[in-house]
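Chemist: Next come the chains, spelled out residue by residue.
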Amino acid sequence: MAIRGRAWKYGDDVNTDVIYPGKYTYTISSPAEMAQHALEDLDPAFAREVKRGDVVVAGKNFGCGSSREQAATCLKYAGVGAVVAKSFARIFFRNAINQGLALVECREGVDAIEQGDEVEIDFSSGILRCGGREFSFPPLPAEVIGIVEAGGLIPYTRKVLGIEDREGS
Amino acid sequence: MGKTFAEKVLASKSGQPEVVPGQIVNVAPDVVMSHDNSAFILETFREIGVTRLKDPSRVVMALDHCVPAATERYALNHKMVREFVAEQGIENFYDVEEGVCHQVLPEKGHVLPGSLILGSDSHTTTYGAFGAFAAGIGRSETAAIWATGKMWLRVPETIHIGVTGAFRRGVSAKDVILRVIGDLGADGALYKSVEFSGETIRAMSIAGRMVLCNMAAEMGAKNAYVAPDEKTDNWLRGRVKRSYQPVFPDEDADHELAARYDVAGLEPQVACPHAVDNVVPVSEVEGTRINQALIGTCTNGRMEDLRAAAMILKGRKVARGVRLLVFPASREVYLDALADGTLAVLATSGGIIMNPGCGPCLGAHEGILAPGEVCLSTANRNFKGRMGSPEAKIYLANPETVAASAVAGEICAP
Chain Z
1 MAIRGRAWKY GDDVNTDVIY PGKYTYTISS PAEMAQHALE DLDPAFAREV
51 KRGDVVVAGK NFGCGSSREQ AATCLKYAGV GAVVAKSFAR IFFRNAINQG
101 LALVECREGV DAIEQGDEVE IDFSSGILRC GGREFSFPPL PAEVIGIVEA
151 GGLIPYTRKV LGIEDREGS
Chain A
1 MGKTFAEKVL ASKSGQPEVV PGQIVNVAPD VVMSHDNSAF ILETFREIGV
51 TRLKDPSRVV MALDHCVPAA TERYALNHKM VREFVAEQGI ENFYDVEEGV
101 CHQVLPEKGH VLPGSLILGS DSHTTTYGAF GAFAAGIGRS ETAAIWATGK
151 MWLRVPETIH IGVTGAFRRG VSAKDVILRV IGDLGADGAL YKSVEFSGET
201 IRAMSIAGRM VLCNMAAEMG AKNAYVAPDE KTDNWLRGRV KRSYQPVFPD
251 EDADHELAAR YDVAGLEPQV ACPHAVDNVV PVSEVEGTRI NQALIGTCTN
301 GRMEDLRAAA MILKGRKVAR GVRLLVFPAS REVYLDALAD GTLAVLATSG
351 GIIMNPGCGP CLGAHEGILA PGEVCLSTAN RNFKGRMGSP EAKIYLANPE
401 TVAASAVAGE ICAP
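Here the protein sequences come in this chain order: Z and A.
Residue numbers 1 to 169, in the working numbering, belong to the letters of the first sequence in order.
Residue numbers 1 to 414, in the working numbering, belong to the letters of the second sequence in order.
Hints listed in this document are in silico derivations from the structure and should not be mistaken for laboratory results.
Nothing here was measured: the structure is a model prediction, and the numbers come from that model.
Every residue, glycine too, gets a C-beta built ideally from N, C-alpha and C.
Here are some chain Z residues pointing at chain A (derived, C-beta under 7 angstroms):
id, residue
1, Asp13
2, Val18
3, Lys60
4, Pro141
5, Thr157
Distance ranges between label pairs, derived from CB positions:
id, chain 1, residue 1, chain 2, residue 2, range
6, A, Lys79, Z, Gly131, 48 to 56 angstroms
7, Z, Glu149, A, Gln16, 21 to 29 angstroms
8, A, Gly315, Z, Arg48, 49 to 57 angstroms
9, A, Phe248, Z, Arg107, 32 to 40 angstroms
10, Z, Glu149, A, Pro17, 24 to 32 angstroms
11, A, Glu251, Z, Glu108, 37 to 45 angstroms
12, A, Gly321, Z, Arg107, 46 to 54 angstroms
13, A, Ala344, Z, Arg107, 55 to 63 angstroms
14, A, Ala258, Z, Ala45, 38 to 46 angstroms
Let the sequences and hints guide you as you build the complete structure.
Modeler: In structure tokens, the structure reads:
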């Protein structure tokens with residue numbers, strides 16, 4: 001599996017309040033609507049201009065703060081192909097896996113990527129390419145790869161419980 | 001080599017003789033907690049396709065984030081939760097009158113030393129104050145636990161924070177944890193189990209220990225821990241319905257980091273906009289004018305906090321142009337503060353006594369900020385836009401600092 005898109009570059013400690021404001025957390029339930037507010041308090045241009053396959057690139061501790069899963073959902077449904085960061089906050093990490101949003105931990109890659117750069121990520125080989133350079137990144141823990149491959153925690157849980165997929169679901 | 005608290009609990013709850021940091025284990029939590037987000041979690045639960053909860057006796061829900069319902073949407077959320085509670089036979093359900101989940105759960109006996117609690121709220125770490133392993137998770141995984149009774153967790157490394165010395169007047173648990181977060185940074189305890197120990201911790205009330213464990217989430221901790229003792233037993237007596245087996249870390253367990261703090265000379269601390277680790281001594285921000293003061297939340301909404309604020313506010317008035325909002329953390333706290341005259345002192349000084357709940361902490365309702373406004377709060381987060389306008393500013397402090405500042409109309413030391 002591979003993706004290619006434009007980089008949206010941010011700094012350290014991007015918290016889930018700026019990724020997805022609290023005022024929407026008990027009102028909006030549609031993922032498509034959540035996507036419209038993605039990164040609203042950090043970069044108002046993002047939700048308007050992000051294209052499918054684009055990559056969010058950030059420093060350390062991306063997704064810190066509130067456990068709101070919408071922070072992962074809104075990015076996924078905005079079309080973000082992956083989030084590349086120096087490190088991830090732990091609940092955001094879990095939520096991203098559970099939503100099937102690919103995460104890449106790659107310090108050197110983050111330093112090399114600038115806003116607007118074209119980024120290519122190959123998950124099978126664990127290689128990130130940007131500006132003619134290549135960076136390797138570690139795979140997700142084996143135990144959780146199954147969740148991402150199933151498309152997220154809900155399809156994974158259904159599989160584990162042996163629940164047949166309903167028609168059209 | 002001895003074992004840490006996290007290693008011991010996660011081994012026991014995953015049915016293994018021992019585990020090591022980095023290992024991924026499957027655990028059956030003793031309690032899984034959710035709040036208003038239960039309305040969304042139950043939809044995900046239905047999506048899974050299971051019709052009954054695996055074990056309703058382990059499910060606890062408390063409505064607290066948007067209470068009482070300020071909009072039709074919030075009201076619908078609550079209605080859906082109540083219907084689900086009835087349908088599934090969930091006994092441990094606390095409706096809008098009870099208060100903040102992190103206060104209500106221990107009060108109602110759901111937090112036991114040595115137990116494993118997962119909650120769909122980042123401040124689930126609070127229950128570590130009772131010697132429980134308590135960590136925050138997301139909504140989808142809460143639904144998965146409702147369906148299967150299990151969840152994967154990564155065994156964390158442990159860091160040790162040792163605290164000695166006696167607090168000066170006006171300085172308390174909130175100040176030391178703000179200082180620690182300021183020093184270690186917002187990711188200083190990322191993924192770690194934080195064990196607090198030392199004479200100051202022993203001397204601290206349960207309420208103070210809850211402040212430490214609650215705030216540990218703000219430096220990225222997976223869970224936080226204070227060894228249970230007589231104070232824990234006394235607090236829990238009459239509340240818990242089962243016996244418990246406390247778990248203690250071994251003296252010779254491996255720690256990734258050990259930090260020591262002596263609080264004897266510690267000044268009141270303030271976290272400045274817009275990050276919790278942007279911490280300075282109060283003297284550096286004295287004189288900053290404020291529009292709103294907030295005393296309450298899961299961090300500092302307990303009797304100890306309200307009483308400390310009342311001591312400062314007794315016989316004095318909130319400054320003109322300042323709104324002082326007081327949110328007792330639970331109905332029990334509210335009634336105790338009513339009975340002993342604390343609420344009367346706070347109200348007489350000009351404080352607005354609000355209902356137990358999260359209030360404006362997360363920007364839902366009950367005291368939202370306009371552009372350009374400044375709020376000094378006892379809450380645990382001050383991120384940009386958190387309490388309303390992204391053009392507003394939030395400072396965090398202890399209840400006495402907030403009370404003194406409400407009188408002065410500007411940030412000042414208690």
